[in-house]
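Could you put the whole structure together from the sequences, leaning on the hints where they help?
Chains as they are written, first to last, in the numbering used here: chain L, 6 to 328; chain Y, 6 to 520; chain W, 190 to 462.
Watch out, some of these pointers could steer you wrong.
To be verified - No farther apart than 27 Å at their CA atoms in a straight line, the calculated lysine-lysine pairs in the BS3-like style are these:
1. L:Lys283 to Y:Lys179
2. Y:Lys452 to Y:Lys149
3. Y:Lys259 to Y:Lys498
4. L:Lys283 to Y:Lys182
5. Y:Lys259 to Y:Lys296
6. Y:Lys214 to Y:Lys498
7. L:Lys89 to L:Lys283
8. Y:Lys100 to Y:Lys151
9. Y:Lys179 to L:Lys89
10. Y:Lys182 to L:Lys104
11. Y:Lys452 to Y:Lys94
12. Y:Lys467 to Y:Lys151
13. Y:Lys259 to Y:Lys501
14. Y:Lys259 to Y:Lys516
15. L:Lys104 to Y:Lys179
Said to hold, decoys possible - Distance ranges between label pairs, derived from CB positions:
16. W:Gly265 to L:Arg239: 48 to 58 Å
17. W:Ala358 to Y:Ala349: 53 to 63 Å
18. Y:Pro446 to L:Met88: 49 to 59 Å
19. L:Ala115 to Y:Lys179: 23 to 33 Å
20. Y:Gly357 to L:Leu118: 58 to 68 Å
These aren't lab readings, by the way, just hints derived from the structure by calculation. Heads up, the beta-carbon is just placed ideally off N, CA and C, and yes, glycines get one too.
Here is how the chains run, residue by residue.
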Amino acid sequence: MSVAKATNTMLRVILLRVGQALATAALLASLCFAFVHMLPGDLALRVAAARVGDERVTPETADRIRREEGLDRPLIVQYGQWMKSLARGDLGRSLLSGKPVVQELAYHGAFTLQLGLIGWLLSYLIALPLGVFAGFRPGGIVDRATDVLAVTLASLPTFLVGIGLVTLFALTLRWLPPAGFRTSAHMVLPAVTLALSLVAFSIPIIRNAVLEVRAAFFMTYARVKGLSPPAAFRHHGIRNAAIPVVTFAALQFAFVIDGFVVIETLFNYPGLGELLVKALIARDVPVIMGAGLVIGFSFAIVSLTADLLRLWLDPRALEAVRV
Amino acid sequence: MIHKLALTRRSALALAVCAATLAGFPSLVQAQEAGVLRVASPWEYTSNEPTDTGFLMTRMQIAETLVMVEPDGRLVGGIAESWSVSDDKLTWRFKIRPGVLFHDGTPVTTEAAAASLRRSLSGESMQQIPVDQLTTDGDTLVLKTKTPFSHLPAVLVDYASVVLAPASWGADGKVSKVIGTGPFRITAIDGKNVIELARFDGYWGEKPKVARARHTAIPNGDTRTNVAVAGDQDIIFTTVPSATPRIDAAGQMKVVNLTIPRLRVMAFNSGLPQFSDVRVRRAISMAIDRKGIASAVLRHPGSAATQLLPAALPDWHDATLSAYAFDVAGANALLDQAGWTRGADGVRTKDGVRLAATLLTISNRPELTVMGTAMQAQLKAIGMELNVEPGPSAAIPAAIQAGTMQMTMFARTYVNVPEVVATIIPDFTRERSTWGTLNWPGRARIKALSDEYVQSFDESRKASLRREMLKIIHEEMPVTAVSWFEHTVAVNKRVKGLVIDPFEMRYMLHKVTLD
Amino acid sequence: MNRVVKRMRQFPKSIWALAALAGIAVLGPVLAPLDPTAQDLLRVMEAPSSQNWLGTDHVGRDILSRVLSGAPHSLGLAVLCVALASGTGLALGLAASNSGAFLRAVIMRSADLMLAFPGLLLALLLAGFLGGGIWPLLIGLNLALWPQYARMTEAVATGVLRQGHVEAARLAGFPERVILLRHVLPPVLRAILPLATLGVGQAIMSISALGFLGLGLKPPTPEWGAMINELLPFLSEGLIQMAAPCLMIFACVLSLTLAGRALAARMEAGSDG
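Listed below in structure tokens is the structure:
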């Protein structure tokens with residue numbers, strides 16, 4: 006296959022996948038719409054309670070909000086309106102704050118992205134050396150120790166890890182602030198909490214990938230060629246070992262989103278998870294749909310990135326790409 | 006090829022690390038600033054609308070109302086310097102205080118105040134005023150009512166009626182920017198969580214001692230506790246009552262308690278067969294160990310209610326009423342007398358109706374659920390089955406709307422405006438009130454009494470009307486207080502001069518100094 | 190008899206731990222020495238004593254009894270969730286691998302779609318709207334968990350159906366049902382079992398996370414996550430009380446994780462040999 010042709014195929018794949026991602030995201034948002042409206046109870050009343058506060062909410066307030074926000078229109082009209090605005094790139098306004106949904110998502114999304122990136126990088130900063138080392142000396146003391154560590158962390162719910170870290174570092178040792186988002190010091194505990202819950206699953210994946218590659222035929226061949234074991238791994242192993250690791254890293258995405266809900270609540274961190282939970286309680290339909298759109302799209306983009314990385318690591322796979 | 010790949014791979018990695026570092030450490034310079042008063046509360050600044058978040062604007066002293074209330078309950082002039090009512094009790098004249106400035110430097114004119122008030126009169130909480138017309142007369146705002154309305158000044162304390170500058174409203178009729186008159190002005194808003202404030206040097210009254218303040222919303226109670234234990238704020242309002250010993254023990258902050266006219270009340274659907282008999286409602290009240298709940302759950306024995314309202318509201322607290330009794334044997338006798346007999350499962354029944362109910366509570370006030378579970382165990386002793394169901398805040402109005410409400414427990418302030426009758430009317434005179442009685446036949450009597458009360462300007466007559474209303478509510482128990490509210494405020498060692506306003510209108514931050 | 194003992198010796202230790210936990214889940218409420226919902230407001234947050242081996246909670250309930258009675262709610266519900274999700278996934282996965290391109294695409298694309306939706310949020314959504322309780326948890330976690338089983342089933346079943354002996358069986362005139370039962374189901378189940386074992390652990394964590402967020406089962410249900418949530422304000426006075434539900438969650442998820450790994454290793458060894 007020529008380079009030009011390969012690039013061409015690649016571009017087509019990417020475009021198609023992005024299109025698919027957008028369609029998936031719109032479908033997910035539509036599901037959110039259907040879901041919220043299927044649930045029992047008066048939507049306007051929920052919105053009203055979230056807006057004016059529990060104590061002030063009256064049926065009159067709910068009626069005013071129903072009128073003002075057009076919640077009394079037929080559902081199909083409301084949905085059509087949303088789809089029409091979406092085509093223009095407009096996600097509407099939050100029923101709770103009156104701010105554009107795009108603005109809300111951007112504000113909270115930036116916090117989540119920041120926390121997610123740092124937590125995720127931190128997790129690989131911990132998991133990569135440990136996993137690779139364990140993979141090189143299977144059954145060795147490091148392997149056994151990291152195994153215990155990974156299994157222990159995998160058996161602890163995120164909120165327990167968070168409570169433990171806060172109790173130790175914020176409340177007992179007083180090294181770090183217990184909650185907030187204003188300074189980098191505030192980021193440490195939530196990021197470490199997230200990283201630890203990710204490490205639990207990435208260590209064994211990395212270890213097994215390394216182990217498998219080391220046992221592979223081409224490594225033996227490289228050794229026969231006269232390369233030292235580390236050199237052989239550097240030249241041939243990393244790339245192959247990275248393939249399953251990359252696939253897995255993308256799969257961690259959904260898990261990360263779940264983790265955010267707990268972490269953001271515990272640390273009073275204004276991320277997307279917190280926004281979504283609040284929106285769910287307030288039945289803030291435009292925000293819920295917008296968040297569904299963003300989550301669905303990011304999931305698709307993350308898996309696309311993972312696929313592209315895999316292609317880059319193993320160009321032979323391009324032949325197998327089926328669109 | 007390989008070489009090139011390696012290069013790009015390395016640079017991609019470097020880029021990713023750089024991006025993450027930049028994203029992660031945007032604010033290394035923002036270390037703990039000295040001289041900033043850090044205030045935290047559970048309340049998020051969700052929007053700019055006074056009907057939604059006006060309480061934060063008045064509490065953080067950003068915006069002010071025409072009339073204000075002092076912590077001792079006196080009504081004092083806010084933006085209105087003084088007021089008077091005509092002899093026919095229908096025309097109120099509010100003289101606008103001279104020299105009051107909005108935060109944008111423009112003076113508060115009578116027209117601006119009238120325009121702002123006109124917008125707020127359409128809000129639900131202000132609709133109780135029987136407004137005839139609102140006009141201006143020089144430096145005076147003239148409000149005519151259709152019928153005499155004796156507590157008009159008190160209603161004008163309502164946060165929904167804060168006076169904002171004309172420039173506050175955008176073209177769509179919504180508040181785009183809060184330009185108030187209070188001692189603090191907003192300098193920045195960060196999402197829903199943080200409001201940055203600075204002292205307003207043009208303020209007409211007592212100027213704040215601190216130059217800057219910051220309000221942080223911490224909705225989660227456990228997180229508020231953690232922050233208080235770590236001492237990471239200067240004042241934290243509404244800490245979780247059960248965490249008080251823990252916060253005090255940590256030594257960073259001290260929790261101050263003040264009984265306020267906010268209650269944790271239990272309301273019955275008096276239309277249900279199990280609750281239509283006043284003897285059943287009374288027996289339930291007698292089976293509840295209010296003192297035990299107050300000391301174990303709320304950790305403050307003094308917060309056990311003895312009647313509807315606490316002595317902090319001398320006008321609405323009748324010391325001659327007998328305190329709520331805790332008497333399980335008496336409660337059982339009352340139920341026997343009312344014809345409820347115990348079944349095989351220990352639950353009483355009468356005419357095929359089980360003495361059972363679902364108690365709805367609000368999950369964002371966690372102590373209510375704990376109190377509910379405590380009551381569940383206590384009511385078992387009199388043969389009543391209680392199913393506690395915490396739900397989102399709108400669950401109670403939703404249940405009332407749907408007609409499924411049986412019993413509820415919630416927190417309710419009786420001083421949304423500093424005249425309790427403004428809460429009695431919506432809560433005790435309607436067939437279906439959201440935060441009060443439901444299908445209670447006694448509402449007609451309260452309605453007659455409160456109608457007279459509203460129209461009366463005779464203080465001694467009003468006092469006797471108050472006593473009558475309190476007596477009916479105390480004896481019939483369509484709603485009964487379980488505990489009064491202790492306003493719990495965690496205060497940092499470096500804070501001096503904090504005054505707690507039992508009306509929760511203002512946080513009185515202008516009096517605070519920092520060490 | 191001897192053979193049975195020998196076979197039982199071959200089981201990994203984690204399976205035994207699991208069996209013990211299952212025993213607690215079934216017998217827990219019977220083993221509980223006191224009524225898990227009986228309160229004593231005069232004896233709140235008391236240290237362990239001969240009467241309350243693990244102390245009392247914030248309304249004077251016996252922690253030991255609550256932890257034991259909580260097992261069916263935390264562990265049992267998790268098993269139910271995963272059983273339901275793996276059943277759904279199995280059925281849909283088999284249907285996908287046995288049907289035309291269209292149905293297959295519909296099932297597998299919806300599986301992909303649901304994978305994008307975080308499970309905890311889904312349960313949150315339902316719990317927030319329907320009020321706490323078993324149903325939102327079951328439905329939400331089921332919706333979130335079935336795709337992974339469907340994908341696994343589809344992958345394994347499609348692989349098996351292409352194999353020579355299945356082709357042979359088909360040519361020999363065996364009905365689809367027999368082929369499915371005899372040739373497809375065993376390897377599929379072998380693949381799903383470790384996944385489901387791990388899944389129960391994840392479900393326990395999700396259920397307790399919801400309990401921790403105050404959106405799980407209704408009080409006074411002694412669910413472990415809800416217990417942690419209730420006891421958190423009293424952390425400094427009640428470390429032991431707090432540790433009890435934490436350790437139960439940890440022990441359950443740990444033994445499930447180990448058992449899942451052991452099962453996976455066994456299946457792998459089995460398929461190689």
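Tested hints:
1. L:Lys283 to Y:Lys179: holds (22 Å)
2. Y:Lys452 to Y:Lys149: Given pair Lys452 of chain Y, Lys149 of chain Y holds - Cα atoms ~23 Å apart, limit 27 Å.
3. Y:Lys259 to Y:Lys498: Status holds; Cα separation ~7 Å.
4. L:Lys283 to Y:Lys182: Distance ~23 Å between Lys283 of chain L and Lys182 of chain Y Cα, so the pair holds.
5. Y:Lys259 to Y:Lys296: Holds, at about 24 Å.
6. Y:Lys214 to Y:Lys498: With Cα atoms ~17 Å apart, Lys214 of chain Y and Lys498 of chain Y stay inside 27 Å; holds.
7. L:Lys89 to L:Lys283: Between Lys89 of chain L and Lys283 of chain L the Cα gap is close to 26 Å, so the pair holds against 27 Å.
8. Y:Lys100 to Y:Lys151: holds (21 Å)
9. Y:Lys179 to L:Lys89: At roughly 24 Å apart (the allowed maximum being 27 Å), Lys89 of chain L and Lys179 of chain Y satisfy the hint.
10. Y:Lys182 to L:Lys104: holds (12 Å)
11. Y:Lys452 to Y:Lys94: holds (21 Å)
12. Y:Lys467 to Y:Lys151: Holds, at about 20 Å.
13. Y:Lys259 to Y:Lys501: Given pair Lys259 of chain Y, Lys501 of chain Y holds - Cα atoms ~12 Å apart, limit 27 Å.
14. Y:Lys259 to Y:Lys516: holds (18 Å)
15. L:Lys104 to Y:Lys179: holds (11 Å)
16. W:Gly265 to L:Arg239: 48 to 58 Å: Holds, since Gly265 of chain W and Arg239 of chain L (Cβ atoms, about 50 Å apart) stay within the stated range.
17. W:Ala358 to Y:Ala349: 53 to 63 Å: holds (60 Å)
18. Y:Pro446 to L:Met88: 49 to 59 Å: Roughly 51 Å apart at Cβ, these two residues keep to the hinted range, so it holds.
19. L:Ala115 to Y:Lys179: 23 to 33 Å: holds (25 Å)
20. Y:Gly357 to L:Leu118: 58 to 68 Å: This hint holds: roughly 60 Å between Cβ atoms.
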